[in-house]
Amino acid sequence: MYSYELKCKTDSRWIEAVMADFDEFLIDHAANERKAAMLALSMVVHYPDKEHIVRDMTDLAMEEMAHFREVIKIMLKRGLQQKPDTTNFYIGSFMKALKKDPKNYLLDRLLMFSIVEKRGAERFGIVGEALAESKIKDFYQRLAAAEYRHFELFIELAYKYYDEQRVKKRLNELLDVEAQIVQQSPFIAAVH
1 MYSYELKCKT DSRWIEAVMA DFDEFLIDHA ANERKAAMLA LSMVVHYPDK
51 EHIVRDMTDL AMEEMAHFRE VIKIMLKRGL QQKPDTTNFY IGSFMKALKK
101 DPKNYLLDRL LMFSIVEKRG AERFGIVGEA LAESKIKDFY QRLAAAEYRH
151 FELFIELAYK YYDEQRVKKR LNELLDVEAQ IVQQSPFIAA VH
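Quick note on this note's numbering: the sequence shown kicks off at 1 and runs consecutively.
No lab work stands behind these hints: they were computed from the structure.
Hints are not guaranteed to be accurate.
Claimed, not checked - Cut-off 20 Å, straight-line C-alpha distance, at most; resulting in silico cross-link-like pairs (PhoX-like, lysine-lysine):
1. 169 with 7
2. 135 with 73
3. 50 with 103
4. 35 with 73
5. 73 with 137
6. 35 with 103
Assemble the whole structure, with the sequences as input and the hints as a guide.
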């Protein structure tokens with residue numbers, strides 16, 4: 001089992017923003033789950049020759065869609081609707097740091113997605129702690145555990161397809177990038 005630590009923790013002002021506008025957070029969360037499912041499916045299409053990616057990303061897409069469905073149910077009970085997609089500072093900034101050449105792109109994607117999932121696990125755990133006892137609190141606590149498994153899945157795939165030293169070096173570089181992005185991100189009612 002491979003593990004690592006994020007280089008910075010989420011600032012407490014983030015959860016204050018989330019709790020101040022939880023409905024907006026739910027809308028953003030639903031969009032994130034949908035995008036994660038779409039991303040997993042795009043990897044299946046882009047890497048049909050990589051059996052582990054095809055199998056694992058197919059399973060991940062199904063799980064992310066199940067999470068999407070759960071968030072949508074919560075939203076509908078609260079009278080909320082999805083909104084058109086908008087540019088996300090965190091993801092947009094992270095994508096700019098990826099190497100786009102064929103030799104490096106898959107590794108960078110796997111590592112970025114691992115880091116994003118680990119940040120999601122941290123933040124869903126924070127949301128779960130902040131909410132009063134309820135089904136929604138339980139949902140976010142379960143989600144934190146699921147995101148943790150996803151971070152592990154992506155890092156394991158990176159080590160499966162790439163040399164250990166190369167993975168560690170690039171992971172450390174991308175963890176630095178992610179920490180800078182988190183520290184520059186506005187405190188809004190959004191997952192990232």
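Each hint, compared with the structure:
1. With a CA separation close to 14 Å, the supplied pair residue 169 and residue 7 stays within the 20 Å bound.
2. The straight-line distance between the Cα atoms of residue 135 and residue 73 is roughly 12 Å, inside the 20 Å bound, and the hint therefore holds.
3. Between residue 50 and residue 103, the direct Cα distance comes to roughly 15 Å. Compliance with the 20 Å bound is thereby established for this hinted pair.
4. Under the criterion of a C-alpha separation no larger than 20 Å, the hint pairing residue 35 with residue 73 is consistent with the structure, at around 17 Å.
5. Of the pairs offered as hints, the one joining residue 73 and residue 137 holds, with about 14 Å between alpha carbons and a cut-off of 20 Å not exceeded.
6. A hinted pair counts as satisfied when its Cα atoms are at most 20 Å apart, and residue 35 with residue 103 does not qualify at roughly 25 Å.
This entry does not satisfy hint 6, going by the numbered hints stated previously; all others are met.
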